[in-house]
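**Student:** Read off the chains here:
2 protein chains.
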Amino acid sequence: MMDHSLTIGAMMERAENFFPKKEVISQTHDKIHRLTYKEIGKRTRSLMSALDKLGIQRGDRVGTLAWNTHRHLEIYFAAPGMGAVLHTINIRLSPEHIIYIINHAEDKIIFVDEDIFPLINQLHEHFTTVKTFVVMTDKDTLPETTLTNVYSYEDLIRDGDETYEFLEDIDERDPAGMCYTSATTGKPKGVMYTHRSIALHSYALGLADSAAVSESDVAMPVVPQFHVNAWGIPFACTWFGSTQVMPGPRFTPERLARFIEEYKVTITAGVPTIWLGLLKEIETNNYDLASLRGVLCGGSAAPIGMIRAFEQKHHIPFFHAYGATETTPLATFSRLKSYQADLSMDEKIQERTRQGILAPGLEMKVVDENGDIPWDNETMGELLLRGPWIANEYYNDDRTEKSFVNGWFHTGDVVTVDEEGTIKIIDRTSDLIKSGGEWISSVELENVLMAHEAVFEACVVAIPDEKWQERPIACVVLHDGYDGKVTKEELLDFLKPQFANFWIPDDVIFVEEIPKSSVGKFLKRELRKIVLTFMEQ
Amino acid sequence: MMDHSLTIGAMMERAENFFPKKEVISQTHDKIHRLTYKEIGKRTRSLMSALDKLGIQRGDRVGTLAWNTHRHLEIYFAAPGMGAVLHTINIRLSPEHIIYIINHAEDKIIFVDEDIFPLINQLHEHFTTVKTFVVMTDKDTLPETTLTNVYSYEDLIRDGDETYEFLEDIDERDPAGMCYTSATTGKPKGVMYTHRSIALHSYALGLADSAAVSESDVAMPVVPQFHVNAWGIPFACTWFGSTQVMPGPRFTPERLARFIEEYKVTITAGVPTIWLGLLKEIETNNYDLASLRGVLCGGSAAPIGMIRAFEQKHHIPFFHAYGATETTPLATFSRLKSYQADLSMDEKIQERTRQGILAPGLEMKVVDENGDIPWDNETMGELLLRGPWIANEYYNDDRTEKSFVNGWFHTGDVVTVDEEGTIKIIDRTSDLIKSGGEWISSVELENVLMAHEAVFEACVVAIPDEKWQERPIACVVLHDGYDGKVTKEELLDFLKPQFANFWIPDDVIFVEEIPKSSVGKFLKRELRKIVLTFMEQ
Chain A
0 MMDHSLTIGA MMERAENFFP KKEVISQTHD KIHRLTYKEI GKRTRSLMSA
50 LDKLGIQRGD RVGTLAWNTH RHLEIYFAAP GMGAVLHTIN IRLSPEHIIY
100 IINHAEDKII FVDEDIFPLI NQLHEHFTTV KTFVVMTDKD TLPETTLTNV
150 YSYEDLIRDG DETYEFLEDI DERDPAGMCY TSATTGKPKG VMYTHRSIAL
200 HSYALGLADS AAVSESDVAM PVVPQFHVNA WGIPFACTWF GSTQVMPGPR
250 FTPERLARFI EEYKVTITAG VPTIWLGLLK EIETNNYDLA SLRGVLCGGS
300 AAPIGMIRAF EQKHHIPFFH AYGATETTPL ATFSRLKSYQ ADLSMDEKIQ
350 ERTRQGILAP GLEMKVVDEN GDIPWDNETM GELLLRGPWI ANEYYNDDRT
400 EKSFVNGWFH TGDVVTVDEE GTIKIIDRTS DLIKSGGEWI SSVELENVLM
450 AHEAVFEACV VAIPDEKWQE RPIACVVLHD GYDGKVTKEE LLDFLKPQFA
500 NFWIPDDVIF VEEIPKSSVG KFLKRELRKI VLTFMEQ
Chain B
0 MMDHSLTIGA MMERAENFFP KKEVISQTHD KIHRLTYKEI GKRTRSLMSA
50 LDKLGIQRGD RVGTLAWNTH RHLEIYFAAP GMGAVLHTIN IRLSPEHIIY
100 IINHAEDKII FVDEDIFPLI NQLHEHFTTV KTFVVMTDKD TLPETTLTNV
150 YSYEDLIRDG DETYEFLEDI DERDPAGMCY TSATTGKPKG VMYTHRSIAL
200 HSYALGLADS AAVSESDVAM PVVPQFHVNA WGIPFACTWF GSTQVMPGPR
250 FTPERLARFI EEYKVTITAG VPTIWLGLLK EIETNNYDLA SLRGVLCGGS
300 AAPIGMIRAF EQKHHIPFFH AYGATETTPL ATFSRLKSYQ ADLSMDEKIQ
350 ERTRQGILAP GLEMKVVDEN GDIPWDNETM GELLLRGPWI ANEYYNDDRT
400 EKSFVNGWFH TGDVVTVDEE GTIKIIDRTS DLIKSGGEWI SSVELENVLM
450 AHEAVFEACV VAIPDEKWQE RPIACVVLHD GYDGKVTKEE LLDFLKPQFA
500 NFWIPDDVIF VEEIPKSSVG KFLKRELRKI VLTFMEQ
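Heads up: the protein sequence lines correspond to chains A and B, in order.
Under numbering that gives the first Met the number 0, the residues of the first sequence are numbered 0 to 536, in order.
Under numbering that gives the first Met the number 0, the residues of the second sequence are numbered 0 to 536, in order.
Incorrect hints may appear among the rest.
Since copy identity is lost for identical chains, a pair holds within one copy or between any two.
[As the list claims (entries may be wrong)] Pairs of lysine-lysine, DSS-like flavour, derived with a Cα cap of 27 Å: (1) K336 to K20; (2) K41 to K336; (3) K520 to K433; (4) K364 to K41; (5) K484 to K495; (6) K20 to K30; (7) K37 to K279; (8) K364 to K347.
The set of hints was computed from the structure by calculation and includes no laboratory data.
Quick caveat, the model's predicted, so the values are computed rather than measured.
Whenever a hint applies, use it, and build me the whole structure from the sequences.
**Tutor:** Shown next, in the form of structure tokens:
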């Protein structure tokens, strides 16, 4: 067989050749752009020629601080397409972390959206390797700055060579992209993707039993492009010729619902927080969402009440998936098996709370201190993964050896496995609560609490306990209008039928909001501090 | 990223882990077997241990002369699973060719179906490397033979170790399988597949826009397992957990129709000759074929009348695909694009006569003597392919350099390309007819002839002509009952509105049958001899 590499450049070329009329619809600060893949292809080539002229060389890191737009999509293909490495930077990180990862990745150039540029103006003196900045703006003039070496994105495109060729001489194991984990503690850790990992991951997204990304899709990735390649959706959609809808900067639930209706979006993807917001919006205002064939949900476990609302009330298929920055990210995908068609609606909804089975191409082990756990839907163990789109290290980071052991990535996620081989995320190894020598899952308690009609969000944390070592405390945000209408006793009574006695939290604290990480995950460490302060009062 | 290889063993392990209850339904000589993937997995492992005990080493070729059955499926995984190379032998080849390829491939062991064993008894003295024979039989005793070193398949399974491990230390570029082209002239040419080519090809078969092979499928590969891995369907179906229906030895159209009805087959695949037979059967007898979501057709171009019958009369979606032994084989797949939904039924049927667009991961060029041809749906050129599941050589064969030039496989197929990028196979470079300096496509003429209600099969060949260099002659097999009811003039008149004058054949000869190759392709060279003899009379 030919030793032929799968490359990201060839993925864009496929869109240019076979889907030249299909469109990318993109919301920027000022307006909506509609560009065909023929145009996107030419602009990507122009951008490659501009990067070349600006001195970007093979292997150089190309940073982005940007929202989901067509320009960000063009950089997705232009950077790896000319041999450089796309480095998407999470704009929600703290300034120190942003400085840290730009310097750690040794970015040579930064592409930045107009409204994020002020941050760069503030921070740039701390950057050690960045030589050039490009502002992604619709306007004819650049925003005010004391910086030199600042270019306008559209000027670069205009002056570029739209016939510039994708680099052919690429090994599929060459680096193509990188992304840093949004760690809740310590410095972010970098993960390097390759052309191979992104192409194989795209195949996985196109499989009929996974997301089934298709030419006939109108896909709206709500998950940010700065967060694990927007779960790889822009790559897969371009390769397979789907229409893409990019929701742009600072989108609202209203914009998402409106875009779904207006552009007949068939598939969309994001974290549970996004879908809670969307649900609120579509239950307040009227939208026609009949085009949607699937909502993909990942990042953290979706509460059953939300799944039920999508599936039963709005008849929108809801697909749970699981992954991490280290897994490109798709690792498991939830779909009922054909012989589960006869399950009752309640059983189906229960199945949909699980994160599904492993993508073809990956391998998994679930282990506790005694080795492989039985697939009995009860025993908990840590999920280990390996495969061609699983990282084998953190980039230049001595924390590598903690997470990558004997060829397996230790996810830090605790799961159960049922006899169908589907996993259910129970907790983070670090968030399990150990009470009287037994494990309690904070996530299990949270999911049941969030199924209570009064509860908008719930987060359970451990507090130190002299007798039991640790005990759970629940923090609850109520839905609008429920303030004062539900007691902590009612919520605890709601939990009791479903858990062993020792699982029931010692207290419920009503809070205004749960502190969250930049990607919407609960910051349990922060919350624990708040709880401890509260209890000392 | 982990440098993790995609291997065929891991594909079977996925079926064992995630689809243990799903079944393979297999017709052998004596009965129907139903085995779960759990059982198939154990039997595959037992077979690996048996191969090991029989002295089969890494890289050794394991030959099969067998029909589509569960046993053949087990060998598909056991041979590459323990590091050996699966060599499927076309049972329809001439004895000399069978001897040639067994010796050329240096097969160490031959698995042979019971009813093919007599052939082995005849030929074995000519085999230079084969040490062991295994007869695949349901019976307790072996058929009569003077051979020593003959084993019963089920004895090997019974005595094997069902916990034997798939070899882990495999590079995905290691050889996994091989198949010889059924060349109409000269000696067969061998193509070596790798774990990588088969795994990537399986991804391509699972894509929503390709065959979309899924857990929910009941797949019946009619294309023989000895013919380019049954187009890779057994590999993809096992990996993705589909139910498989193996039609076994010497199947008839009646068996195929009955199996589709009985096992609720959702997808099936084969060459046009098979589907002509099936059409005849379902138009004579009554079957419920409502489960079928698709008939895949490849090997040679399907006539429009047949496509129309499936799509319009029987409401069975018909998918044209294109490939070759050298391409593992899937290269292109035909599916309408989403924006073609508004085409009229006639336009859709026309589209379905095309072989579709290139699978993601492959690259193509279409060239004539002036270089790349325009994608104008008119200009003809030879199709060149490259990619990770395209061969780069013939196995130990000095004909390699004719077909593999500058990194491209020259398919020898002449195509047009339309603006959508879909190809249409016009002819073999060697079967085009050159008349008065202009090309005439024999296949185009055949397709239109076969759309005439009286015509069952039509084959157009070139005969030498003093004035025009070559001229076309049509050979026609009529449908039952049309004998004497249609004249050659009527058929020529039927062609005239659709072609330039010089394309119209000089004569029509009615024949009883068209000589065909072992895989159902017209043997034009043979037919030409018959025509010339006929014309001399």
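**Student:** The structure should be examined with respect to each hint, and the outcome stated for every one.
**Tutor:** Each hint, compared with the structure:
1. K336 to K20: between (36 Å within a copy, 11 Å between copies)
2. K41 to K336: Only across copies: K41 and K336 sit 22 Å apart there, 42 Å inside one copy, limit 27 Å.
3. K520 to K433: Answer is within; shortest intra-copy Cα gap is 22 Å, inter-copy 69 Å.
4. K364 to K41: between (45 Å within a copy, 20 Å between copies)
5. K484 to K495: within (20 Å within a copy, 84 Å between copies)
6. K20 to K30: Close inside one copy (21 Å), not across copies (53 Å); limit 27 Å.
7. K37 to K279: Neither way: K37 and K279 sit 38 Å apart in one copy and 45 Å across, limit 27 Å.
8. K364 to K347: within (26 Å within a copy, 48 Å between copies)
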